[in-house]
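Q: Residue numbers (my numbering), protein chains in the order written: chain A, 1 to 114; chain B, 1 to 112.
Keep in mind the hints are simulated off the structure, nothing from the lab. In this text, a Cβ means the ideal position worked out from N, Cα and C, and glycines have one as well. Treat the hints with care, since some could be wrong.
Partial list, computed: chain B residues near chain A (C-beta under 8 angstroms) [stated by the list, open to error]:
#, residue
1, N30
2, H45
3, S98
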Amino acid sequence: NAGVTQTPKFQVLKTGQSMTLQCAQDMNHEYMSWYRQDPGMGLRLIHYSVGAGITDQGEVPNGYNVSRSTTEDFPLRLLSAAPSQTSVYFCASSYDRGLGQPQHFGDGTRLSIL
Amino acid sequence: SQQGEEDPQALSIQEGENATMNCSYKTSINNLQWYRQNSGRGLVHLILIRSNEREKHSGRLRVTLDTSKKSSSLLITASRAADTASYFCATDGTGTASKLTFGTGTRLQVTL
């Protein structure tokens, strides 16, 4: 099993550009989520999904869109990149809709906005 | 806002010593989890403790939970250089369905 796969690993964008960060898992997990990690701030939840067709906002959703058309994929879209979105982005998944299960993380996408 | 706060922010010990890091949180929880993050990598789950549990062990790891003080501790015994990493606690609050909230982490350095 590949686990949680994130692509790309690195990306540099110009302010105003849009892009999609990809996340795929092959464990048939219902729950998927996106976090951003900034120095000294730990991980902050952007969006999450408890199953295909169901998404909801986390702590810092502004500037990001998500969709969940399949169980396997949970892409994160930056609509118009801003320097404040420079961060490391992590996707995670778990079996349970609730959170009584370990989260499986990808290795992250390092995004720089110039 | 951050639900969990780890203490200390950084810890440096020698191989063979024990490492203790603490996590405090703000609201009632269902579960508390601990994760490890090696430099440049994603987080790896270490241990989960439920709100009705007080202590849990996994290999060299021991986690305690005190819901009356809203705090948890992670003890790593007989540390190794390979334990060098950042450690995070994460909670899911009883009023925040399906949202896992992470603390700011403790950076552990284990030297030979």
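Q: Close enough to count: is the Cβ of H45 of chain B nearer than 8 angstroms to one in chain A?
A: Since the shortest Cβ distance to chain A is 4 angstroms, the answer is holds.
Q: Quick check on the hint: S98 of chain B CB to chain A CB, less than 8 angstroms?
A: 6 angstroms, holds
Q: Is the interface hint satisfied for N30 of chain B? The criterion is a beta-carbon contact with chain A at less than 8 angstroms.
A: Because about 7 angstroms separates N30 of chain B from the closest Cβ in chain A, which is inside the 8 angstroms limit, the hint holds.
Hint compliance for this structure: every hint is met.
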